[in-house]
Amino acid sequence: MSSASLNVEIRRIRELAPGIREFSLSRTDGEDFPVYSGGSHIVLSLPLGDRPHRNPYSLLGDPTVRDTWRVAVRKQEESRGGSRWLHEQAREGMRIDISAPVNLFPLIRTGRRHILVAGGIGITPILSQARELARLGADFEVHYAYRGPEYGVFSDELEALAPGRVHHYVQSRREQIEFGSLLAGRPLGTHFYICGPAGMVAASMNAGKSLGWPESHLHSEQFLAPTGGEPFDVKLALSGKAFTVPSDLSLLEAIEQQGVDAPYLCRGGACGQCELEVLGAEGELIHHDLYLSADERASGKKIMPCVSRLKGGCLTLNL
Amino acid sequence: MSTPAIKSQPVYAELEWDRAGTHHILFVAAEDAALAQRLLSNPPAGTITLIHLGSTSAEARSCWSQGLPDSALYLETHSLAEALEVLRDALYVAQMGTRIYLAGPEDAVWQASRVADGFGVGRDEVRYAQLGSKARPVFCVHCRTITRGVHTNIVSCSGCGRSLFVRDHFSRRLGAYMGFQIDAEVPGEVPAAEVVYP
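From first to last, the protein sequence lines are chains U and Y. So the first sequence is numbered by numbering that gives the first Met the number 0: it starts at 0 and just counts up by one. So the second sequence is numbered by numbering that gives the first Met the number 0: it starts at 0 and just counts up by one.
Calculated directly from the structure, the hints in this document are not laboratory data. One or more hints might be untrue.
To be verified - Stretches of chain U that chain Y covers, calculated by requiring three or more beta carbons in the stretch to come under 8 Å of a beta carbon on chain Y: (1) 103-113; (2) 187-200; (3) 212-218.
Note that beta-carbon positions come from the ideal geometry of N, C-alpha and C, so glycine has one too.
Produce the complete structure using the sequences and hints provided.
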């Protein structure tokens with residue numbers, strides 16, 4: 000375990016839309032939750048048989064509400080079990096462990112204007128950011144894109160937070176965010192935040208860069224789910240373990256199953272905390288993360304075990 | 000490039016255009032014909048606004064006004080206060096995509112940097128160059144007055160009169176070097192000041 004965990008009870012489950020559920024959580028020890036900042040996420044530990052399964056979800060509620068935390072979960076079609084468990088097995092009254100909040104998607108408080116963009120379930124961190132900006136009295140606007148009218152699940156909460164400053168884009172009505180025009184002509188000191196599908200995030204970043212936006216003003220968050228893949232062998236040089244990573248476990252999960260304590264934070268390829276040093280790789284490193292630079296990937300010396308794998312023979316790690 | 004004696008002391012890279020920008024605001028508070036020629040002979044795409052702090056005497060046109068592209072806006076000012084006010088106006092109407100270049104003595108450069116900070120610009124939108132006088136602005140840790148134009152390693156604080164030793168420790172927020180009383184242990188024992196910041 001990397002961060003302190005809290006035991007919580009699922010107090011309430013709401014069906015928000017087909018395939019989207021909201022969970023309200025309260026601590027089982029009756030204490031208040033800590034305060035968190037807009038954009039934070041927690042990692043849920045889900046009881047999927049004998050193997051550890053931990054998924055990150057953004058906190059979407061009001062950070063000043065200390066007795067209840069809320070997360071929303073979309074059922075992933077390619078789920079390895081986490082989101083499926085939350086949709087099919089989870090019941091009100093069940094207890095699970097969660098991590099303390101971590102923020103990899105914080106607001107930049109020196110900004111003069113903030114443009115928030117959400118695609119689908121990407122609304123969850125955007126919602127807590129919007130709450131924080133509203134509380135600060137900051138200048139902000141929200142652009143919310145979703146598949147069909149029934150999927151705009153947090154529209155009412157957003158409208159209440161930022162009346163007249165929420166723009167809706169409904170895909171079934173062929174409405175689409177035009178990032179070139181959204182980002183053009185913005186005053187100096189504007190910050191842009193996006194959470195959504197990979198293609199949408201990439202389109203917005205490219206539009207920003209071609210308009211001369213510097214990287215320090217373009218913020219995005221994406222969590223990747225480990226995809227699984229072909230099995231491969233691993234040797235841990237320091238702990239002396241040798242084992243095979245099966246096709247349905249991530250490298251990080253397989254290491255944890257061996258009882259070896261490996262660092263992690265987001266478990267979604269975003270934060271860089273779980274980085275491990277590669278001592279040898281018989282085969283090709285398959286990098287899926289959003290963290291390592293092109294140079295670091297090319298060096299073949301680093302791997303993010305939460306989402307990345309080896310294709311081929313044996314991987315030796317300095318762990 | 001100078002070698003810093005201490006981590007907080009700014010290091011100034013050779014000034015180059017950031018060609019990812021779509022508008023360029025150049026704030027220059029010193030003459031440097033070679034730099035002006037190098038930058039202006041190879042201007043970036045996009046528009047240029049040049050804010051120049053000239054001397055009060057009616058000397059010949061600044062090297063910075065020569066070789067400017069026709070589309071550039073040239074704004075001549077005659078005091079630092081006026082130059083900072085013009086910079087503030089330029090930033091007020093500036094849009095994302097703007098890059099800011101601050102060139103001149105450190106006192107002017109870092110006062111301009113504070114103006115830019117007020118508009119929420121990031122470190123990757125501003126470039127700095129030290130030109131002209133090496134005189135230091137010195138912040139007195141005792142009375143919090145900033146004494147400007149200090150050429151010597153020891154200076155009498157313009158606020159409280161204490162003899163201050165001028166350190167290399169620099170505050171970007173204050174735009175000044177740290178000065179502290181040199182004779183605090185043995186009052187009156189003040190070494191002779193030497194000119195070290197010409």
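Can you give the numbers of the hints that this structure goes against, from lowest to highest? none
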